[in-house]
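The task is simple: from the sequences and hints, build the whole structure.
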Amino acid sequence: MSATPTHLPLLLEARGIRKAFPGVQALAGAGISVRPGRLNALLGENGAGKSTLMNILAGVFPPDAGSILLDGRPVAFRSPREAQAAGVSIIFQELNLVGGLSVAENIFLGRQPVNAWGLVDRRRMLREARNLLATLDLDVDPALPVERLKVGTRQMVEIAKALSFDARLLILDEPTSALTEHEVHTLFAAIRRLKARGVGMIYITHRLDELPEIADDVTIFRDGVLVHEAAFRAADRGDYVRRMVGRDLADLYPRSQVTPGRPLLAVEGLSVTRPGGGQPLVTEASLTVHAGEVVGLFGLMGAGRTELLEAVAGLRPRDTTGAVRVAGEAAVIRSPHDALAAGIVLAPEDRKADGLVLGMSVAENVSLSSLDRATRFGLVSRRLEKARAAAAVARLAIKTPSTAQRVGTLSGGNQQKVVLAKGLACDPRVLLLDEPTRGIDIGAKREIYTLIDDLARGGMAILVASSELPEILGISDRILVLAEGRVTAEFRRGAATEQALLHAAIPPQRGAAIA
Amino acid sequence: MPTPAALTEPPPAHTATAGLVPLLVRFRSVFALALLVAFLSLATESFWSEKNLQNVLRQISVNLCLSVGMTLVVLTGGIDLSVGSTLALAGAVAAGLAKSGLRLERFNTLVEFTPAGAMLAGVATGLLVGLVNGTAVTTFRLPPFVATLGMLSIARGLTMLWTGGNPIHDLGPAFAFLGNGRLDALPLLGWLPMLIVVAGALAGVVAVVAGHTRFGRGLYAVGGNERAAAVSGLPVAAIKRGAYLWCGALAGVAGVLLTSRLNAATPDAGAGYELDAIAAVVIGGASLSGGRGSIAGTVLGCLLIGVLNIGLVLLDVSPYWQQVIKGLVILAAVAIDRATAGGRFFQD
Numbered sequence: 000m001s002a003t004p005t006h007l008p009l010l011l012e013a014r015g016i017r018k019a020f021p022g023v024q025a026l027a028g029a030g031i032s033v034r035p036g037r038l039n040a041l042l043g044e045n046g047a048g049k050s051t052l053m054n055i056l057a058g059v060f061p062p063d064a065g066s067i068l069l070d071g072r073p074v075a076f077r078s079p080r081e082a083q084a085a086g087v088s089i090i091f092q093e094l095n096l097v098g099g100l101s102v103a104e105n106i107f108l109g110r111q112p113v114n115a116w117g118l119v120d121r122r123r124m125l126r127e128a129r130n131l132l133a134t135l136d137l138d139v140d141p142a143l144p145v146e147r148l149k150v151g152t153r154q155m156v157e158i159a160k161a162l163s164f165d166a167r168l169l170i171l172d173e174p175t176s177a178l179t180e181h182e183v184h185t186l187f188a189a190i191r192r193l194k195a196r197g198v199g200m201i202y203i204t205h206r207l208d209e210l211p212e213i214a215d216d217v218t219i220f221r222d223g224v225l226v227h228e229a230a231f232r233a234a235d236r237g238d239y240v241r242r243m244v245g246r247d248l249a250d251l252y253p254r255s256q257v258t259p260g261r262p263l264l265a266v267e268g269l270s271v272t273r274p275g276g277g278q279p280l281v282t283e284a285s286l287t288v289h290a291g292e293v294v295g296l297f298g299l300m301g302a303g304r305t306e307l308l309e310a311v312a313g314l315r316p317r318d319t320t321g322a323v324r325v326a327g328e329a330a331v332i333r334s335p336h337d338a339l340a341a342g343i344v345l346a347p348e349d350r351k352a353d354g355l356v357l358g359m360s361v362a363e364n365v366s367l368s369s370l371d372r373a374t375r376f377g378l379v380s381r382r383l384e385k386a387r388a389a390a391a392v393a394r395l396a397i398k399t400p401s402t403a404q405r406v407g408t409l410s411g412g413n414q415q416k417v418v419l420a421k422g423l424a425c426d427p428r429v430l431l432l433d434e435p436t437r438g439i440d441i442g443a444k445r446e447i448y449t450l451i452d453d454l455a456r457g458g459m460a461i462l463v464a465s466s467e468l469p470e471i472l473g474i475s476d477r478i479l480v481l482a483e484g485r486v487t488a489e490f491r492r493g494a495a496t497e498q499a500l501l502h503a504a505i506p507p508q509r510g511a512a513i514a
Numbered sequence: 000m001p002t003p004a005a006l007t008e009p010p011p012a013h014t015a016t017a018g019l020v021p022l023l024v025r026f027r028s029v030f031a032l033a034l035l036v037a038f039l040s041l042a043t044e045s046f047w048s049e050k051n052l053q054n055v056l057r058q059i060s061v062n063l064c065l066s067v068g069m070t071l072v073v074l075t076g077g078i079d080l081s082v083g084s085t086l087a088l089a090g091a092v093a094a095g096l097a098k099s100g101l102r103l104e105r106f107n108t109l110v111e112f113t114p115a116g117a118m119l120a121g122v123a124t125g126l127l128v129g130l131v132n133g134t135a136v137t138t139f140r141l142p143p144f145v146a147t148l149g150m151l152s153i154a155r156g157l158t159m160l161w162t163g164g165n166p167i168h169d170l171g172p173a174f175a176f177l178g179n180g181r182l183d184a185l186p187l188l189g190w191l192p193m194l195i196v197v198a199g200a201l202a203g204v205v206a207v208v209a210g211h212t213r214f215g216r217g218l219y220a221v222g223g224n225e226r227a228a229a230v231s232g233l234p235v236a237a238i239k240r241g242a243y244l245w246c247g248a249l250a251g252v253a254g255v256l257l258t259s260r261l262n263a264a265t266p267d268a269g270a271g272y273e274l275d276a277i278a279a280v281v282i283g284g285a286s287l288s289g290g291r292g293s294i295a296g297t298v299l300g301c302l303l304i305g306v307l308n309i310g311l312v313l314l315d316v317s318p319y320w321q322q323v324i325k326g327l328v329i330l331a332a333v334a335i336d337r338a339t340a341g342g343r344f345f346q347d
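Sequence lines, in order, name chains W and S.
As numbered in numbering that gives the first Met the number 0, residues 0 to 514 make up the first sequence, in order.
As numbered in numbering that gives the first Met the number 0, residues 0 to 347 make up the second sequence, in order.
Since the hints were made in silico from the structure, they are not lab data.
We treat Cβ as the ideally placed atom computed from N, Cα and C, and that holds for glycine.
Heads up, some of the hints might be wrong.
Derived Cβ-Cβ restraints for the label pairs, each shown as a range [what the hints assert, rightly or not]:
id, chain 1, residue 1, chain 2, residue 2, range
1, W, ARG375, S, GLY171, 38 to 46 Å
2, W, GLU146, S, PHE139, 19 to 27 Å
3, S, PHE139, W, GLY15, 55 to 63 Å
4, W, GLY260, S, PRO21, 50 to 58 Å
5, W, PRO316, S, PHE106, 43 to 51 Å
6, S, PRO166, W, SER401, 55 to 63 Å
7, W, SER401, S, GLY180, 44 to 52 Å
Subject to a maximum C-alpha distance of 20 Å in a straight line, what follows is the list of computed SDA-like cross-link-like pairs (lysine to any residue) [stated by the list, open to error]:
id, chain 1, residue 1, chain 2, residue 2
8, W, LYS385, S, PHE214
9, W, LYS398, W, GLN24
10, W, LYS444, W, SER255
11, W, LYS385, S, HIS211
Which bits of chain S does chain W cover? Going by a derived footprint, with three or more residues having C-beta under 8 Å, they are [said to hold, decoys possible]:
id, segment
12, 210 to 220
13, 232 to 240
Structure below.
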């Protein structure tokens with residue numbers, strides 16, 4: 000690729016953007032600039048603030064401070080609608096399509112062409128949709144309901160929708176995370192076509208291997224701050240990783256030397272199929288976690304980390320095959336209740352959706368899984384429940400006015416601690432943690448890492464799934480890498496490097512196809 | 000990574016500010032009831048008469064059973080539209096068995112029922128309906144609205160089949176005692192109708208179940224966040240089924256009480272009663288999306304509706320206007336609920 004063509008005017012320039020959420024400073028001086036017909040790849044760890052900036056640019060919410068210039072003129076979008084009208088469209092990771100409506104209806108949702116009677120002009124709508132799809136070289140019947148399309152095709156429909164707004168700046172948030180290899184190639188071809196038409200793009204990704212095909216510029220965020228921006232150079236790849244991480248790891252991750260005890264969790268030949276059939280989510284995974292050991296589970300999005308943990312925790316009984324042993328004994332786990340009885344606790348990835356009842360108090364959430372321990376003569380003892388919750392609040396340093404506080408009002412880090420307290424209240428032997436520090440600030444992260452270390456020293460077996468490389472490297476005694484549902488590598492602490500983990504995490508056939 | 004969802008996160012806890020206004024908001028049902036009672040005492044002569052009070056309490060008893068059971072279902076985020084029909088079916092079964100027993104043609108025998116036995120059979124009928132509802136919602140994953148709408152029709156049809164479309168009267172003094180008698184042996188409270196004693200005692204039992212047992216806590220957890228409840232190891236299906244079981248059994252009790260009070264079972268009994276029950280639950284502060292509400296609130300809502308009903312009659316308001324006013328009260332109650340802190344959280 001060429002060097003930055005400074006002769007091209009800037010399409011978009013955002014500078015000094017700041018944004019705080021309750022308990023988190025998501026952006027503390029971030030920015031990005033995009034030129035017409037060029038793709039700027041935005042890199043950064045989870046929590047670096049990439050999605051927050053995209054949401055600000057697309058008008059989902061306003062920044063606390065900073066300036067955004069579009070064609071050199073300051074703009075402040077109050078809604079995604081305003082942003083779209085100005086030519087800025089975002090394609091979210093979770094697609095925003097109405098499944099039951101046709102492709103054409105989705106593209107023109109709320110703006111369907113009408114005839115003289117004020118009724119929707121279906122023929123014109125289908126014709127215009129067909130034209131838009133043709134510019135993307137996409138062969139799909141615009142009358143088909145979206146729910147009948149594959150994920151990759153739906154994504155292209157979203158892009159067609161963005162183009163129908165005459166988008167000049169297109170923001171793509173990890174668009175390839177759910178796509179097959181072939182779909183990725185179709186997407187990249189569409190991206191090249193859009194570039195030729197002068198559309199500027201911001202492309203968020205975790206997959207550095209994609210960059211040589213499409214990237215013109217690179218922007219890197221770390222902890223909400225812009226740390227690097229320049230034209231893309233394939234040779235700088237190692238440098239990009241260092242800049243994304245770039246902090247003193249030893250300081251953040253306390254991990255004591257522990258001699259592992261007997262095996263507490265043994266998973267043998269575990270496979271998880273998709274509920275609707277199709278490519279399996281996890282294939283023949285086997286692993287062992289010993290008492291006092293922290294084992295990291297690394298993989299890219301869609302590698303099957305969450306599904307593996309959920310299967311062990313009894314959340315996918317119909318789709319799971321394979322054996323689980325706890326402390327050497329075979330455990331039949333058909334429900335979360337069975338898992339709890341066997342001493343296995345899962346702290347799920349999405350704490351608001353899967354971990355907590357937000358309208359309930361701290362005490363009620365802490366006792367959710369262990370209410371039998373606060374029950375006397377068939378009745379729940381509020382006094383006992385409160386005492387147990389108070390002990391958990393003290394042990395985990397949960398910042399809350401009282402145990403009667405609604406969990407929904409706490410910050411992300413404290414909510415995560417309540418999820419952990421709920422699990423620990425069952426006195427588990429095996430702790431499964433799925434992205435235990437997603438979206439929480441650095442201080443709470445450090446406290447949770449310290450807690451993990453304490454628990455392991457107390458003899459618990461801990462399996463941590465994470466997509467954050469430094470986290471996995473910092474807290475694990477041993478690391479397993481998943482790629483497309485298979486365990487592809489195992490590293491001892493000290494033997495693992497970011498490059499080695501990433502290499503093992505990239506699905507083999509895709510790596511080959513791109514190289 | 001903060002997402003748009005982070006924006007809707009409620010603000011940090013505000014400490015409860017002392018003062019009259021929060022107190023008024025918090026106990027608004029109590030104040031509304033007190034105001035209504037005060038108004039009726041002044042505007043009518045007969046409100047405090049023993050006859051009227053007994054009337055109010057008798058009328059409330061049936062809705063109390065229905066709405067208390069309904070609360071358990073609503074807590075899980077469900078709804079039971081079939082309670083009115085269940086009431087009719089249970090009442091008809093009890094009346095039919097008390098009056099003429101159960102004829103088993105194949106064995107050429109007649110099984111006779113004592114009044115108490117017939118009543119228990121009525122309650123068991125309600126329990127069975129609840130079991131079917133609960134199974135439809137859990138095992139067959141039907142939306143509660145649809146499952147119980149179907150049952151509304153089925154139970155009504157079964158009632159017609161069982162009664163042949165005719166009322167069953169003259170069930171005997173023993174059967175009618177529950178609905179018309181008093182517990183004269185009770186000191187001070189001897190004037191209370193048996194009906195309200197039974198309904199009140201049941202409401203008390205359900206209040207303990209909802210507020211102080213693991214099952215009760217499960218209702219709130221399932222309604223608050225079903226997925227989190229499941230991940231936390233709660234038996235979600237059993238909890239939901241339990242709610243419909245209780246609701247059906249209580250509708251059965253309501254049917255028996257009403258039949259006993261009228262000393263007759265009519266095939267169209269209880270038509271539309273589900274709406275009064277849902278109204279009492281909603282006025283009592285429960286959220287129809289689940290996870291919030293209380294038996295105490297429902298009891299208050301039930302009293303409010305009952306006193307309003309009787310008051311409008313005493314004030315000689317036309318029955319047509321009575322319906323309009325009742326509807327307005329329901330809308331106002333929920334609007335106030337939404338506008339105050341209690342409702343806002345769940346709206347998001």
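Structure-based check of all given hints:
{"no.": "1", "hint": "ARG375/W to GLY171/S: 38 to 46 Å", "verdict": "45 Å, holds"}
{"no.": "2", "hint": "GLU146/W to PHE139/S: 19 to 27 Å", "verdict": "23 Å, holds"}
{"no.": "3", "hint": "PHE139/S to GLY15/W: 55 to 63 Å", "verdict": "57 Å, holds"}
{"no.": "4", "hint": "GLY260/W to PRO21/S: 50 to 58 Å", "verdict": "55 Å, holds"}
{"no.": "5", "hint": "PRO316/W to PHE106/S: 43 to 51 Å", "verdict": "45 Å, holds"}
{"no.": "6", "hint": "PRO166/S to SER401/W: 55 to 63 Å", "verdict": "57 Å, holds"}
{"no.": "7", "hint": "SER401/W to GLY180/S: 44 to 52 Å", "verdict": "49 Å, holds"}
{"no.": "8", "hint": "LYS385/W to PHE214/S", "verdict": "18 Å, holds"}
{"no.": "9", "hint": "LYS398/W to GLN24/W", "verdict": "17 Å, holds"}
{"no.": "10", "hint": "LYS444/W to SER255/W", "verdict": "17 Å, holds"}
{"no.": "11", "hint": "LYS385/W to HIS211/S", "verdict": "14 Å, holds"}
{"no.": "12", "hint": "210 to 220", "verdict": "holds (count 7)"}
{"no.": "13", "hint": "232 to 240", "verdict": "holds (count 3)"}
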